[in-house]
Amino acid sequence: MEKIPILRMGEFLLVTIQVDMHDRLALALQDDLTNRISQTGARGVLIDISSLEIVDSFIGRMLGNIAAMSRVLDARTVVVGMQPAVAITLVELGMSLAGVRTALNVDAGMELLRSSEDSFEDNRAW
Amino acid sequence: MAIILNQKASSLGSILAQHKEEILSEWLREMGGATRRSDLIKASELESQCRRFIDLIAEATAAAGVNVQSGTFDSMRDLLADISRSRASQGFSSQETATFVFSMKRPLFGAIREEMAKDLNGMAAEMWNATELLDSLGLYTTEVFLKVREETIRRQQEEMLELSTPVVKLWDGILALPLIGTLDSARTQIVMESMLESIVATNSRVAIIDITGVPTVDTVVAQHLLKTVTAARLMGADCIISGVRPQIAQTIVHLGINLLDVTTKATLSDAFSLALKKTGYTFTRVQKKEKLSEEQ
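Chains F and Y, in that order, are what the protein sequence lines are.
Mapping the first sequence onto my numbering, position 111 (from 1) lands on 111, and the numbers just tick up by one.
Converting from the second sequence to my numbering requires adding 1000 to each position, the first position being numbered 1.
Hint data in this document are derived by calculation from the structure and do not stem from the laboratory.
Take every hint as true, because none was put in to throw you off.
Below, a list of computed lysine to any residue pairs in the SDA-like style, where the Cα atoms sit at most 25 Å apart:
#1 Y:Lys1105 x Y:His1019
#2 Y:Lys1278 x F:Val106
#3 Y:Lys1105 x Y:Leu1046
#4 Y:Lys1278 x F:Ala108
#5 Y:Lys1169 x F:Gln83
Could you put the whole structure together from the sequences, leaning on the hints where they help?
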């Protein structure tokens, strides 16, 4: 079964989604990621979805769920590199991913993770 | 029956061919009265148009009778379409354009009366044929005229849509979208797409939507604005709405629209300074400071 790799970078976990997400894969990722967070004690998770071109409401909800779960496990989640079409689709579906922080690219996302050590409650990038 | 009709029709054609000059001069005189707009079209141009029209109509009726749909009338239709198109762009009204064809009735009827004075039944039939023919040609003229107008309107609408949604780069990492005109869903879509694409292309972290030029903000427009802001946030950029006029602030509150999650500023300059702060820029007025210290 294909799997989405989870890379460890210091105290952060890096997830790069480079295949089309289907429901089972998303559920597996949720499972893997929560396990890895508790194993490694990661402080932050960065999910790069720049190659993701198609989303549906399920995948949108999965992203929200993963963020919420990581928060429970005391790790911040940043979703980076969302495509314009994906953003428009999610908005049209009525999903604003309220609890998820976002950044333009991996670079900005890492910066956000590092800088927001102390401002945990703040949803905004600055 | 078809043969009889054809014979009759071709007699209309021969009448037209025989009395060409007569009809032409009569027709031009007719148009010289109420409908000729000497300010818009030259007499020589009008005459050449009329001459060509009569030539074609005589040719076509001789060949195919009064059946305007037939292929022999193709060149006739092309001529009329050309005339309509040029009239529409010259500023004629639709009535004036259609009268170009209809004013030919009187001279044509005169010619028929003269030619068929002995055969009353034949005259009535010819008159009917001529009326039918000129009516359908006149209606065709109006139709083309309207089509040209509609094309113009549609093209202008598209141009307006493109003109009214520019994305401006204000600073490194700061974009501005000055919106002008009412926001409907089609425009919101275009605004959203062009903004998001520019965010990716310029790697911008802040986008300022300036609504100074938006006349009214109702629940639908607010909904569209919120969608745009949310989409930008999903991409990882922050959105500031600026140019909120006092009346608009009042309507927003009266309508109970929740804009609490969105940063709003009264002017574009306020929004810009906030954006600079957010991207980590600070500004100082060097010259002013020096002057002040000199004075001190």
